[in-house]
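Top line first, the protein sequences correspond to chains A and B. For the first sequence, the positions run 1 to 229 when the working numbering is used. For the second sequence, the positions run 1 to 475 when the working numbering is used.
By construction, these hints were calculated from the structure, which means they are not laboratory data. Every value quoted in this text rests on a predicted model; they were computed, and no experiment measured them. Treat the hints loosely; a few may be bogus.
Computed footprint of chain B on chain A; a stretch qualifies when at least three of its residues, placed anywhere within it, have a C-beta under 8 Å from a C-beta of chain B [stated by the list, open to error]:
1) 166-174
2) 189-200
3) 214-223
No farther apart than 20 Å at their CA atoms in a straight line, the calculated lysine to any residue pairs in the SDA-like style are these [said to hold, decoys possible]:
4) A:Lys85 <-> B:Arg149
5) A:Lys85 <-> B:Gly150
6) A:Lys85 <-> A:Arg34
7) A:Lys85 <-> A:Leu75
8) A:Lys85 <-> A:Gly101
9) A:Lys85 <-> A:Ser33
Glycine included, every Cβ here is placed at the ideal spot set by N, Cα and C.
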Amino acid sequence: MPLLNDLLTRIVSFAAMPAVIGVFVTAGLLVVSRDWRLNLIALAVQYFFVAVLMTQVVRLEMAAVKALIGWLICLAFYLTEQQAKSLTRASGERSDLSLQGWFSARLEGWRRQGISVRAAFGFMAATVVSIAAYAAVSAVPISQVSEEFLLACYLLGGMGILLLGLSQDPLRVGVGMLMFLSGFDLFYVALEPSLVVTGLLGSISFVIALGMAYLKTIQAATSDEETVG
Amino acid sequence: MIAGLLLFLVLPLALAGVVYTLRRWATLTALLSVGTALALGIAIVVLPLGRTVELWGREIVMGGTISLLGRELVLEEVDRVAIAFLYLTAAGVFALAWQVSPRAMLFPVGFGLLSLLSGSLLIRPLLYAVLLVEVAIALSIFALQPEDRGPTQGGLQYLSFSLLALPGLLIIHWLMERYALTPDNTTLLDTSAVLLSLSFALLLGSVPFHPWIPAVASTSEPLASAFIFTVNNGAIWFLLLAFLETYPDLSAYPGFASLVSSTGLAMVVVGGLLAASQRRLGRLMGYGTLVDSGVGLVALGMASEQGLALALLALLVRPFGIALMATGLKGMGAQVPGGDVPGALRGLAREAPWSALAFLVGGLSIAGLPVSAGFTGRWALYRALAPSSFSSVLTMIFASIGVMIGVWRGLSTLLSAPESSRGTGEAEGDGPLQRWLLAGLVVLAVAASVGVGLFPRLVTPTAVRLATLYTFLGP
Numbered sequence: 001m002p003l004l005n006d007l008l009t010r011i012v013s014f015a016a017m018p019a020v021i022g023v024f025v026t027a028g029l030l031v032v033s034r035d036w037r038l039n040l041i042a043l044a045v046q047y048f049f050v051a052v053l054m055t056q057v058v059r060l061e062m063a064a065v066k067a068l069i070g071w072l073i074c075l076a077f078y079l080t081e082q083q084a085k086s087l088t089r090a091s092g093e094r095s096d097l098s099l100q101g102w103f104s105a106r107l108e109g110w111r112r113q114g115i116s117v118r119a120a121f122g123f124m125a126a127t128v129v130s131i132a133a134y135a136a137v138s139a140v141p142i143s144q145v146s147e148e149f150l151l152a153c154y155l156l157g158g159m160g161i162l163l164l165g166l167s168q169d170p171l172r173v174g175v176g177m178l179m180f181l182s183g184f185d186l187f188y189v190a191l192e193p194s195l196v197v198t199g200l201l202g203s204i205s206f207v208i209a210l211g212m213a214y215l216k217t218i219q220a221a222t223s224d225e226e227t228v229g
Numbered sequence: 001m002i003a004g005l006l007l008f009l010v011l012p013l014a015l016a017g018v019v020y021t022l023r024r025w026a027t028l029t030a031l032l033s034v035g036t037a038l039a040l041g042i043a044i045v046v047l048p049l050g051r052t053v054e055l056w057g058r059e060i061v062m063g064g065t066i067s068l069l070g071r072e073l074v075l076e077e078v079d080r081v082a083i084a085f086l087y088l089t090a091a092g093v094f095a096l097a098w099q100v101s102p103r104a105m106l107f108p109v110g111f112g113l114l115s116l117l118s119g120s121l122l123i124r125p126l127l128y129a130v131l132l133v134e135v136a137i138a139l140s141i142f143a144l145q146p147e148d149r150g151p152t153q154g155g156l157q158y159l160s161f162s163l164l165a166l167p168g169l170l171i172i173h174w175l176m177e178r179y180a181l182t183p184d185n186t187t188l189l190d191t192s193a194v195l196l197s198l199s200f201a202l203l204l205g206s207v208p209f210h211p212w213i214p215a216v217a218s219t220s221e222p223l224a225s226a227f228i229f230t231v232n233n234g235a236i237w238f239l240l241l242a243f244l245e246t247y248p249d250l251s252a253y254p255g256f257a258s259l260v261s262s263t264g265l266a267m268v269v270v271g272g273l274l275a276a277s278q279r280r281l282g283r284l285m286g287y288g289t290l291v292d293s294g295v296g297l298v299a300l301g302m303a304s305e306q307g308l309a310l311a312l313l314a315l316l317v318r319p320f321g322i323a324l325m326a327t328g329l330k331g332m333g334a335q336v337p338g339g340d341v342p343g344a345l346r347g348l349a350r351e352a353p354w355s356a357l358a359f360l361v362g363g364l365s366i367a368g369l370p371v372s373a374g375f376t377g378r379w380a381l382y383r384a385l386a387p388s389s390f391s392s393v394l395t396m397i398f399a400s401i402g403v404m405i406g407v408w409r410g411l412s413t414l415l416s417a418p419e420s421s422r423g424t425g426e427a428e429g430d431g432p433l434q435r436w437l438l439a440g441l442v443v444l445a446v447a448a449s450v451g452v453g454l455f456p457r458l459v460t461p462t463a464v465r466l467a468t469l470y471t472f473l474g475p
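Based on the sequences and whatever the hints tell you, model everything.
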């Protein structure tokens, strides 16, 4: 077991920078893309990278619990989107069911229309936030955590706030809140690695996710009623 | 033997489940909610601290310290009054919701919030209190969302602004622990003071972080909004005072009192100006709340025990105005499909007279008009503040006039000739019994508001006693 732990510690120390890059890519994708399937995959991958980074400061088990909470949230969001789709489908809206159909429709859309103005704006804003986060690492250094670690915290926090400001859809706002919370959690777990704090922060994430799922379902149900009415 | 503290954490949670299951039977749900909240609110004040009492064959001991998941829960005199305020306010809001919003999610969610917020007042150290408050705020989303409309921005904004306050409050704890070890490092204290100000500005909706207040008031369930503005905000006020009590260096930080006072005045000015120009009644309630919160901060900014007592008095009388306004809004909103849009509200006072009365009296209490509950704190504050800062008193009076103008404009819309497409007549409530029940509840609430306005001694001793229990300010 000590050998396994040693091995994991070594892997993690090598994986720090790739994990920060992973966080950066997934956070950018979440801001730019409006496709819920892509976003959920990005969010799940982001939770993995956040857990990898966390293993630098807390025990592997605790980081795994955090990742598990994140993946459960992704699952809740996935089920909500499915429910919302089925509700809107009931009101006569067309839906693409197969993954292949969805993928070819995406490609066709990009080929025909190029990148939408909204996505371009999101990309620009995400770039500005990333530069600000990079600058903040040297401007507001915190001695307790490493530079890459701090960069990931600032990136997640900044992108989360950006998503909060740019979105009105409950699930996107929820993702923004969760990203912000992940960024802070990443930083705070280094300062206060207590199980109760971890549990309560996890509870906040979970209640937020449930709340957003509730709002999304109501949105789908009421739009369905309006269509039928 | 039962630890009394646990009753206030576990019983509401159990009730939340029961009330949710019984939602179909509106009257039973409402009466159960009102009865339980009232009983717990009275019990925490009446049961003697530190002594064992026998209740229905079981021994209950209040006070002391108990351990839960390795964390301490401590009941002190301050917490008793604070928890009693939360439960009694909740009982009042539940009672008013009985007739205007009987199947609302407010009842089960409200009990969940009461449990979490009581826990936040009892748990030590404060970082756990902050986390419990955030869980409660996230849970509020379920109560704020009306079931017959798409997602409203109020709840989302409330949660977003409150979430931004979380990091600062948690980091303060860590910074102040380090400051206690290295008192020479004043940067830690400076950072903590900035974080404390920013975090509570976000949580209390201070200008410029106020947009969530009118958004909640105008788009969310009115009675749930009232719950947030009174119970949740009450817990946040007590959390702020707990921070100042725990870290006296922060309350004594140079310029902190003037910052609190200026923030309060900014809220008063913005709220007063925007309330005067409002035509939507929901937003008017929001800006009225902004003014009232600002007045509380101005009182706290006096940095004396008297100022603290006045801030607490403003907090204690706030539910009378806000709950009545929300009842009026919900009652009138149920009559018209357009909600609180001015055109839809024309002539509604004839169809929903009790709701219109509730809105009017609540609005005047929030404005601080004489013979209303709101006047109790305002008048005392004007008298206390006039010798040192007469301009602040004038500003608050003008803001009150702004809110009154808003209420007057609303009233003139409600009393004007109704739209031709909508019939006139007695439409309030589902039947005669419901109409009389609503009338009875509104008359009781109005009488309570006027009673407190006429006899301020009903609440002032509580505020004064509570203020003496805090030691971070000098006499």
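Going through the hints against the structure:
no. : hint                 : in the structure
1   : 166-174              : holds (count 3)
2   : 189-200              : holds (count 5)
3   : 214-223              : holds (count 7)
4   : A:Lys85 <-> B:Arg149 : holds, 18 Å
5   : A:Lys85 <-> B:Gly150 : holds, 16 Å
6   : A:Lys85 <-> A:Arg34  : holds, 15 Å
7   : A:Lys85 <-> A:Leu75  : holds, 15 Å
8   : A:Lys85 <-> A:Gly101 : holds, 16 Å
9   : A:Lys85 <-> A:Ser33  : holds, 18 Å
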